[in-house]
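S.K.: So you can see what is in the structure, the chains are spelled out below.
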Amino acid sequence: METLFKALCSVLPPERVSFSDVDLAAYSADSATPPGASACPLAVALPQSPEEVLHILQIADRLRVPVTPLARGSNIAGLAVPIQGGVVIDLRLMNRIIEINEDSAYALVEPGVTFHELSRALSEKGFFCHLPTASGGSSPLANYLMRPSGNYSARWDPDPLLSLEVVTPRAGIIRTGSAAFDSRLWRARYHCFPDLTGLFACSYGTLGIVTKASVKIFKRCEEERLLLIGFESLPPALEYMERIIRGNLVESVTFWTWGWNLFHEMMLSKQSQMPQEILKPDQKSPPEGVPFGIASARLNGYKEVVEAQQEVCIKIARELGGEYLENDLAKEHFPGCYNYLHSYFVKGILPKPGEESQIRAGLHLPGCLVSAGPSQILEIEKYMWELAKREFEPPYFYRVLPYSHAREFFFAFVVYVRGDIADQLPYIRKLRGIYGSLYSELLKKLGAVMFRYRKDPGFFALTGNYGQLLRRIKQLVDPNNIMNPGMLLF
Amino acid sequence: MSENRLHLSKTLYTAIHKCIRCGQCAYGTQEAGYQPICPIHMARPFFTNTAGGIMQLARVAHEGKLAPSKSLRDLLYLCTGCEACEANCSVITGQVGIINMLKKWLNTNSVPYLKGHQSVLNNLLKNKVPYAGRVENRLEWLTAEMKKEISSSPHVFYFVGCASSFKETEMAVSLANILKKLDVPFSLSGDEWCCGAPFNYLGLGKECKDWASHNVELIENSGASIALFTCPTCSMIFKKNYPSWLGRGLPFKAMHVTEFLDSFVGEGRLKFTHKTEKSVIYHDPCHLGRGQNIYDAPRRVLSQIPGLEMKEFALNRENSFCCGGGGLLPAGFPRVADQLAGHRSVQASEKKPSLMVSSCPGCKENLKLGAKRAKIRIKVKDFTELVNESL
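Protein chains in written order, with our numbering: chain A, 4 to 493; chain B, 2 to 392.
Incorrect hints may appear among the rest.
What the hints assert, rightly or not - Calculated cross-link-like contacts (lysine-lysine; reagent style DSS-like; alpha-carbon spacing at most 27 Å):
#1 A/K355 / B/K312
#2 A/K128 / B/K352
#3 B/K66 / B/K168
Stated by the list, open to error - Chain B is nowhere near these chain A residues, computed Cβ spacing over 10 Å in every case:
#4 Y30
#5 S34
#6 C43
#7 V47
#8 N78
#9 I79
#10 S275
#11 Q276
#12 V293
#13 P356
#14 D426
#15 T466
#16 Y469
#17 L473
#18 M490
#19 L491
Keep in mind that the hints were calculated from the coordinates and are not lab data.
All C-beta atoms, glycine included, are put in the ideal place defined by N, C-alpha and C.
Chain A on its own, in the form it takes in the complex (with noise of 0.2 Å):
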């Protein structure tokens, strides 16, 4: 302790780490940690350049001390809790928007930088980013880091990340993609030799700490509409997504279900209470004069294919059953969802109140989120049904928006745990058990894969020979496995 203290004091300002019982005890949860279960680190450091993360990396790998980075702390799934002790590094203070590259449209930032820092930026610079449904003070490198289920990754495609700069305990300060030839170019994800971001995407901070990010951005157009369509169900919903994504007719759309619409309400008021509809026994059908589901789209370009766009979107919807609901009719009916989703999509801005308010009303346990085909998609929503009438108590819901071309769907069925943690403990861990082999179990039998980790090694052992050539990469950055021990992943 005496020798970390004194190490990390040589290489940090005295006023940016600390050894304080206060700050130890501040950083040992999150709100996935369990009651009791906090674990508070060694250390806290801020470090403040990709030097100064390097110099405490060194330090760690040293004395054998695990280390926790956070990028700017918003989670809400254990991902950044120093389950292992050791020093939390903290980017916070490496806040930068370094550059916004409107030839090459890229911005470059660095992983305190948040999404409303972002968005703002890109605003005023008539461009928007990925949005996932996360706070908007969270980070977009860290967000994008862990595959992103970001809402304008249909037309595109999921993976926002091209160029990074990740510090390693053994390999020093890497820039991968097209950085890694020149400190100034941040275009391209790579070139002429393998992709090394995608090495360290999804790797949770076990290979190495990212500490610059060049990111897709995105051009506001002349037009920017919100279509909003109900379905009642999810199949005709699936088939009008895959059709207006592969007509290349809408930019991105996602379909959330009515509980989840309904929520969205909460968010203009402060109210803790989930609404009363919300609660009904039978979660597969919505209220009177609520639709099962909405599907939202986001549409931009020139006003006039804007407006063609639109009309085949309404057609195609209006083909499958679905409903056209009228900007300013959503707006009367459903003022709460109408006011988020048009934040979300048209102003490409996380709303205020954003998701987060949910969480007011209840305890949010990440729940299934996995990827699959168009035409799992339908089974895993079965499945996915069948298991919540047997095991779940209401809320649940879930939400789909398709990937790359409709190549493949992102689905997300979400719990919410209502009342006080100490009485809802028991419920908790029999959710938690069923998530624990839940995703071996979609596999298998619906070949939907984990969308982002859980703590699960068995499911990183399902990989073979792909586990263990990272597992080798792993020894040969981290070998004395100081990095994000706690992850459970290596």
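Place chain B on chain A using the hints.
M.R.: Same frame as chain A, but now just chain B:
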């Protein structure tokens, strides 16, 4: 450590558990331009120094994993009670209340106060005023001529408050003049006690009830139907805390001077006769804005002054940045309080006003000091002074 646990209700413990560390309590949201809004965080950039960080501390203190300590005290007393966290958090409400619970927990575990805060407490108990020095006569500011205006059947009781009685006395003089000009019969009393807000900040409880009883009785006996305040902390404490401290509602209406004069605007009874060519930037006091939801009233009144040009801070209304004068911060950490006021003065100077106006004696005092130390040349006045000059 377990016997020293902080007690939290199941509901509070659950609410705290929901914090997702989004940082909006420290940086606000899109509307605030995502700039630091929390005085605690301005002092130090760790997650600990955010309402979210303090919520985590409450959580682990409840779990018996955090001991009461001076370092925790030093963190908690950076909070000015400005409520910016509460206005921006989408998940939890009542962060300032939870901070006060932690302060109470420190008290019950005999963690000593900071020197400055111990003096405040000693002064309060001795003088019924948080200040030392010449504090015997609360009405020293009242001229003989003004004394004649005091009515025996008042419509309004002017609860002057400690800061307007002893420090920013121009505010008290201005309000007395305004009431005279508007023909409002008023009274006041030299037997007024501090509203009790400092007890709240110091995590004390049992004293509050006696003090509230004394002040309410004083006003009730005057026969006035309205208690009028120049200090928004006093009016907030009367409106929000007194009913719960006393276990009953107030027998009169409590109004801050801004909302009182705003009602005159609505009735067409406020006629400004003096033209001004000032450009004024209005600083929303935390306890008036976020504390009582009064944003439009002062603006409506000031906008009636002929020739006055109103300017706005980038961080205004719900996102107003605290001047650093609240929560006894100047008594505990005067340098931090200065820095915050300096920061706010810089924000004001960016808009190039000729005058910065607030409606709180604490804000006025702290902004004057902060601007001076930050070497920002800007005049600071209270709402009442400007109104009085223009009537």
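S.K.: Are the hints correct? Go through all of them and say.
M.R.: The hints, checked one at a time:
Using a Cα cut-off of 27 Å, the hinted pair A/K355 and B/K312 holds, with the two alpha carbons roughly 25 Å apart. Proximity of A/K128 to B/K352 is assessed by CA-CA distance (about 24 Å); at most 27 Å being required, the pair is judged to hold. Between B/K66 and B/K168, the direct Cα distance comes to roughly 43 Å. Violation of the 27 Å bound is thereby established for this hinted pair. Not every CB of chain B lies more than 10 Å from the CB of A/Y30, the least distance being 6 Å, so the non-interface label is violated.
Not every C-beta of chain B lies more than 10 Å from that of A/S34, the closest at about 5 Å, which undercuts listing it as non-interface. With a minimum CB-CB distance of about 8 Å to chain B, A/C43 fails to clear the 10 Å threshold, and the non-interface call is violated. Some Cβ of chain B comes within 10 Å of the Cβ of A/V47; the nearest lies about 7 Å off, and the non-interface call is violated. Distance check for A/N78 against chain B: the nearest CB is about 6 Å away, which does not clear 10 Å, and the non-interface claim fails.
In this structure A/I79 is not separated from chain B by more than 10 Å, as the shortest Cβ-Cβ distance comes to only about 5 Å. With a least CB separation of 7 Å from chain B, A/S275 falls inside the 10 Å interface cut-off, contrary to its annotation. Under the 10 Å C-beta cut-off, the non-interface status given to A/Q276 relative to chain B holds; the minimum distance is some 12 Å. A cut-off of 10 Å between C-beta atoms confirms that A/V293 is not in contact with chain B; the least separation is 23 Å.
Against the 10 Å criterion, A/P356 falls within the reach of chain B, whose nearest CB is about 3 Å from its own CB. A Cβ of chain B approaches the Cβ of A/D426 within 10 Å, the least distance being about 7 Å, so the stated non-interface status is violated. The non-interface label for A/T466 is consistent with chain B: the shortest C-beta to C-beta separation is roughly 30 Å, beyond 10 Å. With 10 Å as the threshold on Cβ separation, the claim that A/Y469 sits away from chain B holds: the shortest Cβ distance comes to roughly 32 Å.
Non-interface call for A/L473 relative to chain B: holds, since the shortest CB-CB distance, roughly 29 Å, exceeds 10 Å. Distance check on A/M490: its Cβ is at least 18 Å (rounded) from any Cβ of chain B, clearing the 10 Å threshold; non-interface status holds. The beta carbon of A/L491 sits about 21 Å from the closest Cβ of chain B, which is more than 10 Å, so the claim that it is off the interface holds.
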